[in-house]
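Visitor: Letter by letter, the chains look like this.
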Amino acid sequence: NAGVTQTPKFRILKIGQSMTLQCTQDMNHNYMYWYRQDPGMGLKLIYYSVGAGITDKGEVPNGYNVSRSTTEDFPLRLELAAPSQTSVYFCASSTPLGQANSPLHFGNGTRLTVT
Amino acid sequence: DAKTTQPPSMDCAEGRAANLPCNHSTISGNEYVYWYRQIHSQGPQYIIHGLKNNETNEMASLIITEDRKSSTLILPHATLRDTAVYYCIVRVGDDKIIFGKGTRLHILP
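In order, the protein sequence lines correspond to chains Y and H.
If you use the working numbering, the first sequence corresponds to residues 1160 to 1274, in order.
If you use the working numbering, the second sequence corresponds to residues 10 to 118, in order.
So that you can see chain Y by itself, here it is in the shape it has in the complex (with noise of 0.2 Å):
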């Protein structure tokens, strides 16, 4: 299994642009997380999909919009590209609470600057 994949590893965007960062999962998991994390910062939740066609927010979700069209892929769009979203954004995949051990596995990350 690849695990979680994130594409790209690198982007440089201007402001206002807008653009779309991929995460796919091979491992048929029912929940993926997408989380930012500014330098020298945690991990900031943006947002969350319990199962295909079913998201949340949540604790930094404005200024990105997410989809759920499949059980493997789980898009984070960025529509009016901002300084403030220059970040590292991760995505992650669960199986439920409950079906062994419900580990967070994570994708290697995508280095977002916005100038």
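Among the hints, erroneous ones may be present.
Pairs of lysine-lysine residues, derived as DSS-like cross-links and limited to a Cα-Cα distance of at most 30 Å, are as follows [as the list claims (entries may be wrong)]: (1) Y:1216 <-> H:105; (2) H:110 <-> H:61; (3) H:110 <-> Y:1216; (4) Y:1168 <-> H:78; (5) H:78 <-> Y:1173; (6) H:61 <-> Y:1203.
Derived by calculation from the structure, the hints in this document are not laboratory data.
Please arrange chain H on chain Y, whose structure you already have, making use of the hints.
Guide: Chain H in isolation, oriented as in the chain Y frame:
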């Protein structure tokens, strides 16, 4: 907000046991305690989790107090490769998994 509090940083001598505390005083009966670590800028890595009983695996041991209001992650023989940020989180069925600021562990040679 995160339901856990951890010291911002700790030092441990190489070869000694590293004991990382976590306070989760508002934990409810069906919430699990999970530990992760993040090395440099990589994605966090799962270490261990527990509900009530102490747990041990090949990476670490988890000691949960009887009242479940705090726990300690133990790395039995710390090496330089254990230098990382360690996150303690609680997880309940709504699955809105919130991370705190974690503890930055420095292993001293």
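Visitor: Give a verdict on every hint.
Guide: Here is what the structure says about each hint:
no., hint, in the structure
1, Y:1216 <-> H:105, "holds (9 Å)"
2, H:110 <-> H:61, "holds (24 Å)"
3, H:110 <-> Y:1216, "holds (20 Å)"
4, Y:1168 <-> H:78, "violated (39 Å)"
5, H:78 <-> Y:1173, "violated (46 Å)"
6, H:61 <-> Y:1203, "holds (27 Å)"
In this structure, the earlier hints numbered 4 and 5 are contradicted, and the remaining ones agree with it.
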